[in-house]
Amino acid sequence: MAGSASTSGQPETKYVHAGRPSAGYEQDTRRQSVCRTWAGDMQRICQADMGRRYAEGLPGRDGAAGGCKGGKGRLYYSDEIIDKVRDATDIVRLIGASVRLKKAGRRYVGLCPFHNEKTPSFSVDPDRQMYYCFGCHKGGNVFTFLEEHDNMTFQEAVQTLAGQAGISLPEQSYRPGEKKARDEKMQILELNKVAATWFFKELHSPEGREGLSYLRGRKLTDETIQRFGLGFAPADSSSLYNYLKERGFSDELIRMSGLMNLDELRGRMYDRFRNRVIFPILDTQNRVIGFGGRVMGDAKPKYLNSPESAVFDKSRNLYGYNVARRTRAGKLILCEGYMDVIAMHQAGFTYAVASLGTALTWQHCEIIRRFTKDVILSYDSDQAGTNAKMRAIPMLRKAGITPVILHLEPYKDPDEFIKAEGQEAFQKRLDQAENAFLFESGVMQKRFRMDDPDGAADFYDALATLIASMDDVFKRKGYIRLAAEQYGIEEADLTDRVRAKLEKGIVDDRYLSAARGDSSYNRDYRTEARPEEDSPRTAEVSRKTSGVEDEVPSYEERPVPDYYKDLSTGDYYQIPRPATRRGSEGSVGDQSLEMSRRLLLSYIARYPSIAGDIKPYIEKDGYGDGLAGSVAEILYGQLEEHQKVDEAAVIARFEDTQTQAKVAELFHTMDMAANDSERVKAIRETVRKVYEASPISREEGANEMAKAVTRKQKLNQIRTLEVHLS
1 MAGSASTSGQ
11 PETKYVHAGR
21 PSAGYEQDTR
31 RQSVCRTWAG
41 DMQRICQADM
51 GRRYAEGLPG
61 RDGAAGGCKG
71 GKGRLYYSDE
81 IIDKVRDATD
91 IVRLIGASVR
101 LKKAGRRYVG
111 LCPFHNEKTP
121 SFSVDPDRQM
131 YYCFGCHKGG
141 NVFTFLEEHD
151 NMTFQEAVQT
161 LAGQAGISLP
171 EQSYRPGEKK
181 ARDEKMQILE
191 LNKVAATWFF
201 KELHSPEGRE
211 GLSYLRGRKL
221 TDETIQRFGL
231 GFAPADSSSL
241 YNYLKERGFS
251 DELIRMSGLM
261 NLDELRGRMY
271 DRFRNRVIFP
281 ILDTQNRVIG
291 FGGRVMGDAK
301 PKYLNSPESA
311 VFDKSRNLYG
321 YNVARRTRAG
331 KLILCEGYMD
341 VIAMHQAGFT
351 YAVASLGTAL
361 TWQHCEIIRR
371 FTKDVILSYD
381 SDQAGTNAKM
391 RAIPMLRKAG
401 ITPVILHLEP
411 YKDPDEFIKA
421 EGQEAFQKRL
431 DQAENAFLFE
441 SGVMQKRFRM
451 DDPDGAADFY
461 DALATLIASM
471 DDVFKRKGYI
481 RLAAEQYGIE
491 EADLTDRVRA
501 KLEKGIVDDR
511 YLSAARGDSS
521 YNRDYRTEAR
531 PEEDSPRTAE
541 VSRKTSGVED
551 EVPSYEERPV
561 PDYYKDLSTG
571 DYYQIPRPAT
581 RRGSEGSVGD
591 QSLEMSRRLL
601 LSYIARYPSI
611 AGDIKPYIEK
621 DGYGDGLAGS
631 VAEILYGQLE
641 EHQKVDEAAV
651 IARFEDTQTQ
661 AKVAELFHTM
671 DMAANDSERV
681 KAIRETVRKV
691 YEASPISREE
701 GANEMAKAVT
711 RKQKLNQIRT
721 LEVHLS
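Residue numbering for the sequence shown follows this note's numbering, starting at 1 and increasing by one per position.
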């Protein structure tokens, strides 16, 4: 581990290069000030994270929705610790640091930070320790907010809030080798931080004059250079190595960091980055995890990245994402290189990111999906850029992301465009970004001889395959109309061809890649194993459900429901959304029953005494195997132990943020009632629906006839059930 100088929290007051003072640098006090500022910034950015326990994440965090916390051999905090941290956190103060909240009765309202809106639909309830947006349906507790808004893992959210509340978290046990691996990662992060500061100082030294001149020649301001921590690696092959050794880092740790190459013949290490401008790569917690370097001169390769290490995986990180994820743009610009990102950020487009010297991967898509569903592809205008766009579009689409294409012609990349045309012209191009389907189909059309009937027919068939590959029925219908208009095809003929492909199941990746003309476009996303997910979907739809004309929106696709202020409670709720067709949660009947179960749990959360009123008919095991069943188990457990419901604690028992949002929605859904009498009638009706769906085998009785009689008697009793609204 590094010596005390590396962990003191203070920037050095003396610049050292390869073990010797640099008088030229010390004479330039302005540069010293700039370098100290960056060193201090790096220290403040990283120091809080360096002391955190490293953990791989809660079990089930990336797995199936709805899992509750636990898991053999994995690290996690107990429910008691989680509740202690949550109770110590003021949700209004936490969210109010990012959202302008206005008090409205018992709750606070504001513009939702998760989607763009003009009228506030975002509600924070300090009593229930929950937030919920009636517009986009994001909701949860204090941990959910940090996960969704700041893109933290659950453990990072717990650690952050525990630190703010002054709560000491218990030391966690590790399996053999886990503690060593964790310690090595923390040490590499510390080493990277020291190296980043050194690279920055070198840029402002006499040795870095060429690199600084290059950056200024690219029209970067000193503020931008400092903000991104850009640096320089001298041509000397041992400068960084000598510096790190002086700071107390071991050869083994230096080797593991990826900052050195190994000369096996001479048995020594030498600097990997030499005579290069350096781009530090930061993760979402602003920790330096790796570096990129752009060579000065004609040496190859032009760009060089850190190799993968214990802290750096280029397929799981995006350059600039640590800044972009904090913006409220609601979208990302995805481009190719470091300079494109930096140029766009400097011009005010701080939601630009880039993959790190690699093609887009499914891991990148998952990162993007957690932040936004809207991406502007801003790859280069050459053929390689076109190929990259064609490969990225289906990957993003599969991840549930809607891409559009930015056209930069006659310029090659965003950096060139902004330098030549300026910010306003670039914004205009962003506003005019092309629909990805039209871009795809336009590229595909160039493969066919449209003046030949066979060539035109083949293109139309490929077009039908592309449309059929889309999951959303309304998108299919919309693109059928668009394609028919764009290419002069009869809409009915194209509809028939799309329906035929859906019925035959000819919409998987093999057919789609063939239709698009190059299997390499989609190769990686199709063949790479995706953890805890099924293999790529092959359409297996019946003639009844595969039509383009007759489908209606699913539960999730319906318009935003109304919400209202409940007169008796003073709380805000949304009316239950009805099921409309078979979907991910089963048939219309299954969805309707699940909604009734969730609605009943919402009533119990608001009026806990109802649980006792309905006990002869429904107990905690009477809510099925879906989300309602999982919520019921936790909610009834709270009632048994504390005689009250803690909704935020219920939310905390679920792993992924999507499920947490559904639980928050459950607690914000209730039938509209003008008075208590109407509310009681609605509760009785909901109890009847849930009870009637329970297996008759649960009834008392010597035989089926006796059980049926008991069932009928109880249904009659429910009609006059005494319900206590307390």
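Treat the hints with caution; some may be incorrect.
Unchecked claim - Restricting the straight-line Cα-Cα distance to at most 25 Å, the calculated cross-link-like pairs of lysine-lysine (PhoX-like) are:
#1 K615 / K477
#2 K565 / K620
#3 K707 / K689
#4 K302 / K373
#5 K565 / K118
#6 K412 / K446
#7 K475 / K373
#8 K331 / K245
#9 K302 / K446
#10 K84 / K644
#11 K118 / K644
#12 K419 / K118
#13 K565 / K681
#14 K103 / K565
Said to hold, decoys possible - Beta-carbon label-pair distances, calculated as ranges:
#15 D127 / E678: 54 to 60 Å
#16 D222 / K644: 56 to 62 Å
#17 T402 / Q486: 17 to 23 Å
Worth flagging that the hints you see were computed from the coordinates, not collected in a lab.
Quick caveat, the model's predicted, so the values are computed rather than measured.
In this text, a Cβ means the ideal position worked out from N, Cα and C, and glycines have one as well.
Hints versus structure:
For the given pair, K615 sits about 49 Å from K477 by alpha-carbon distance, which is inconsistent with the 25 Å threshold. Between K565 and K620 the CA atoms are separated by roughly 29 Å; this puts the pair beyond 25 Å, and the hint is violated. Distance hint between K707 and K689 is fulfilled; the C-alpha atoms sit about 18 Å from each other, no more than 25 Å. The straight-line distance between the Cα atoms of K302 and K373 is roughly 33 Å, outside the 25 Å bound, and the hint therefore fails.
Only pairs whose Cα atoms come within 25 Å are accepted, and K565 paired with K118 is accepted, the gap being roughly 20 Å. A hinted pair counts as satisfied when its Cα atoms are at most 25 Å apart, and K412 with K446 qualifies at roughly 21 Å. For the given pair, K475 sits about 15 Å from K373 by alpha-carbon distance, which is consistent with the 25 Å threshold. Among the hinted pairs, K331 with K245 is inconsistent with the structure: their alpha-carbon atoms are about 43 Å apart, more than 25 Å.
As the CA atoms of K302 and K446 are separated by approximately 32 Å, the hinted pair breaks the 25 Å bound. A C-alpha spacing of about 17 Å is found between K84 and K644, which places the hinted pair at or below 25 Å, so the restraint holds. About 37 Å separates the Cα atoms of K118 and K644, which puts this hinted pair outside 25 Å; it is violated. Distance restraint check for K419 and K118: the Cα-Cα separation of roughly 34 Å exceeds the 25 Å cut-off, and the hinted pair is therefore not satisfied.
Restraint check: the Cα-Cα separation between K565 and K681 comes to about 19 Å, which is no more than 25 Å; the hinted pair holds. For the hint pairing K103 with K565, the CA-to-CA distance comes to about 15 Å; that is within 25 Å, so the pair holds. Distance hint for D127 and E678: a CB-CB separation of about 24 Å, inconsistent with the stated range 54 to 60 Å. A hinted range of 56 to 62 Å for the beta carbons of D222 and K644 is consistent with their spacing of about 58 Å.
Checked against the hint of 17 to 23 Å, the C-beta distance between T402 and Q486 comes to roughly 19 Å, which is consistent with it.
Checked against the numbered hints given earlier, the structure breaks hints 1, 2, 4, 8, 9, 11, 12, 15 and satisfies all the rest.
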